[in-house]
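**Student:** For reference, the chains in residue letters:
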Amino acid sequence: MQGLLTVIKPGPLSTLQDAGRVGVRHLGISQGGPADLQAWGWANWLLGNNWGSPTLEITLGGLTLVAEQRCHLALCGADMQPQVNGQPLTNNQAFTLAAGDELQLGMAKCGVRAYLAVAGGFIAKPVLGSVACVMRDQLGGHLGDGSKLAVGDTLAFASSAFSSSHVADFIPRRQLPVGALPHYEQAATLMMIPGAQFRFFDDLSLIQAFNQPWRVDPRSDRMGIRLQGPMLHCNIGSLISEGLTLGAVQVPPSGQPIILLNDRQTIGGYPRLGTLTPLACARLAQCQPGQKVRLGTCTASQAQAQYREFRATLKGSHAL
Amino acid sequence: MNKNVSPLPHLENAGMDAWLVRLFDAIDERNMGWITALVSACKQAFGELLVDIVPSYTTVLVQFDALQLDHAQARRLLQQVLRGLAPDLHADDDTAIIELPVWYHLSVGPELARLSQHTGLEIPALIKLHSQPVYRVFALGFAPGFAFMGTLPAQLELPRLTQPRAQVPAGSVAIAGRQTAAYPNASPGGWNLLGRTPTQLFDLQRPSLSLLQVGNKVRFVPITKAQFERLGGDSTPMAKEAY
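For the record, the sequence lines run as chains A and B.
Just so you know, we're using this note's numbering here: the first sequence kicks off at 5 and counts up by one.
Just so you know, we're using this note's numbering here: the second sequence kicks off at 26 and counts up by one.
Same shape as in the complex, but just chain B (with noise of 0.2 Å):
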């Protein structure tokens, strides 16, 4: 059996109604302009039978329905988007930064003593290492509208918790390894707390429902207590034993 990896990109077998498309095979903001360009033409030439379709880092999944279009059928057509393929220029503009406000503070962001503790630095530089960088949304996923964002600075390098908190609340600023993310709902979670934001990432009510979308950048921007509580944020310290 040959086990030599194939050539990129290619369409690898996900199931009954459903390809992998395989563009790269490695973490780079230069991937994005691809990987939104596919999903527009996938949208463009599947029309009606295109039931899902999620990219990520690397890669795009085509779902199709499999009472319309034959397994194989959907290859073909796979396979002229892919040929007729080209990246998305506009997905490097740098219009539009999407500036996320955030409280960095120990009482809603603890591993914000544990990152000092790693790296031998003040909190104050932390925070200016965290909010200097623009990042880039490489995938959505985990839970509605939680954005993986790349790439942090080496130096925030942290790894996740050993043990996941119960509850992390809404809001809150997370980094793992090094990428960062924003809670949009309390969920289970174990990557490190830095602060909390009081933007709401996922809402029923905005058409895009959520605000961070696959190729989007994005700049954390530090504020004060007072200003996080005027834009609505809840201070609400984290519990101790959630420390």
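Isolated chain A, as found in the complex (with noise of 0.2 Å):
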């Protein structure tokens, strides 16, 4: 039995999101799933979902959904002042629609991105082993083919999910940790692991880069979020393309970086500063345009024991 959420408006960019496209980069696929895997992360983690079930990533907001069917439900993620049939509803926590019940998403008043999660997940068929949808590459989400919400589409989840009465039971109790309550209004200091073109800045670009506040400019997408700031110099120009990961810290011509998200391409030639680790990923996909951030350095292991300890209380439940 599959339950049904219809949207009534889809604001304008929301998509479903598991926790990525994997295996398939060497075609020039690209990875996709959720900016803010913490977010997204603690959405699934609220109704007992296992890692990496499919999610609505709700961009700036404006989304509204009706239930079809009884449903759990959680919100994580940029504050879009939620309503239930015009009754506020508070992030960071479950709730329950009844079939009929209105979910209404205002414009995010804090952070960017809001991660809406169902007990169970959503229900989507896979692309190559993924739901996560990439419009770029016309690959996933609700309908496959990379498109985003649009009115009156339907996203399925399984009834049978909720029906359970151990999942009635925990989910109203589980809370977030206290520690994990996001602060997005705060200036965020994004953890990078130094890469290998990072000898080839000259000093007072590495200075300045570290010293110095970036702004997050409004040309930022998916694919990459564009820093303002002071002018970075590399005494390389260019590269052989060459792969890239998440959260590349690529310097174009301009000298301003571009840190590369989830859709960002495959390959690419710019140097590169370094890396941001995947929690500093998370946290610059909430930043809004304008918004300071600092960049500081970290090593690959302290970046690897992070993201364990991470996955770890994600995994725990100890907040039962």
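Calculated from the structure, these hints are not laboratory results.
Note that CB positions come from ideal geometry on N, CA and C, so glycine has one too.
Treat each hint with caution, since some may be false.
To list a few chain A residues with every Cβ distance to chain B over 10 Å, as calculated [what the hints assert, rightly or not]: (1) 10; (2) 54; (3) 66; (4) 68; (5) 88; (6) 92; (7) 127; (8) 141; (9) 163; (10) 189; (11) 208; (12) 225; (13) 235; (14) 241; (15) 249; (16) 308.
Below are the SDA-like pairs computed for lysine to any residue, each with C-alpha atoms no more than 25 Å apart in a straight line [claimed, not checked]: (17) A:319 x B:94; (18) A:296 x A:256; (19) A:319 x B:190; (20) A:152 x B:190; (21) A:296 x A:179; (22) A:113 x A:211; (23) A:152 x B:191; (24) A:129 x B:76; (25) A:319 x B:92.
Estimated spans, in silico, between C-beta atoms of each pair [as the list claims (entries may be wrong)]: (26) A:313 x B:50: 37 to 43 Å; (27) A:183 x B:187: 47 to 53 Å; (28) A:222 x B:189: 18 to 24 Å; (29) A:102 x B:259: 48 to 54 Å.
Can you join these two chains into the complex? Each is in its own frame, and there are hints to help.
**Tutor:** Below, the structure is given as structure tokens:
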């Protein structure tokens, strides 16, 4: 049995995202997946969903959905002043919609992206092993062809997932650990692992890069987020195109970094200062245009330890 | 700080869960045997712990499972792989040349005119020049199944369009610099268009997905409009404003 949610208003950009498409990047296919894997992970965690369960990523807000069946949902990430049938709802907790209930999201007040999870996860046909929506590649999403949500679309979920008494019992009690609550309004320091071309940037550029604030450029999307600030100068102009990782901080001749996110191209040839950690990418994805960020450095093993801790916390049921 | 370039091959830090193996410093067809050998060796050595591997002209990016493998462990594993690496001799077999039929025509390849002006050559001579060489697939990227092929005859070298087109039709055969490619799907693009192939380059129903893979050899074969249409090609001319 499948339950359904119907899209009344899609907002400017709402897409289905699971953990992303892997094992296919040698064919030029993007990774996709949630731009903020923290909020996405916590939304699934609140419902007891497995890591990787398909969740809606709502960019900027403006989404309205109506439930065709009773369902358990959780909303994390940007604060879009959610309402159910006109009554305010709090972020970062699970809630239940009855058949006919309407969930309304306004525009993001704080943060950029919100994640709506359903108990058991949304159901869509995987394309190359993933339902992650990559519009540029025309792959994945609720229709399988890289479409974002449109008026009248329906989102399917397993209705058996919310009938079990186990789920019904624990869902209302699960709370985000206090330390996991986001503070998107605060200035963020983004940790970066220095990369191979780091030493080719001149000394002044390196001093400025880590001691002056950067501003998030409005020309940013799921492919990459541009930063505005001191002009960085690299002694090598461009490279022969090579594979790009999530969080790569590439510096084109403009001297203004572009940080590559989930829908990035698979290869590219600009010199790179380094690679943001996955959690730094998640934080950056919630920065509104004009917001200030700083760059910091860390080692790959520090980044791994932090990532492993995050994954372990999501696995744990200590908050039950 | 030592600013000298380290000897090749070497490993470069590419983040929490990846290393970039730099094998060469220049584009060369002879690289491909080493690149494809490294890809197979990594698949073998990393097994389930390999998340993604992205070969390109001179490098191979290796992404591993950060939950199960330490960054330093991955480095040691790659060093081992590199010590035992021998080039893939089959990479140079001349058995499999993939032929891509192309309808070269101004209505689907508007830059034939620009190229003719630029080189002083008539269009039939340009077609001959483009379809004669056996090209090598150096890398896949930009879009699913988009293969960067080289090396284009120096005479055909033409810079990208100053203003990229918002929409390049699927199958468009294009050149830029010393490279050539065919667009698997309609997408924005700034390369110079010479014609169109009816061959489907990226297909979810095909086990290998992309017809072209890094290391493959490719030749373009000129066909007529009638042949193009018989092979299922869409001969809709480019919109005037897209020229």
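**Student:** Would you list, in rising numerical order, the hints stated earlier that this structure does not obey?
**Tutor:** Going through the list in order, the structure violates hints 8, 15, 16, 19, 21, 22 and respects the others.
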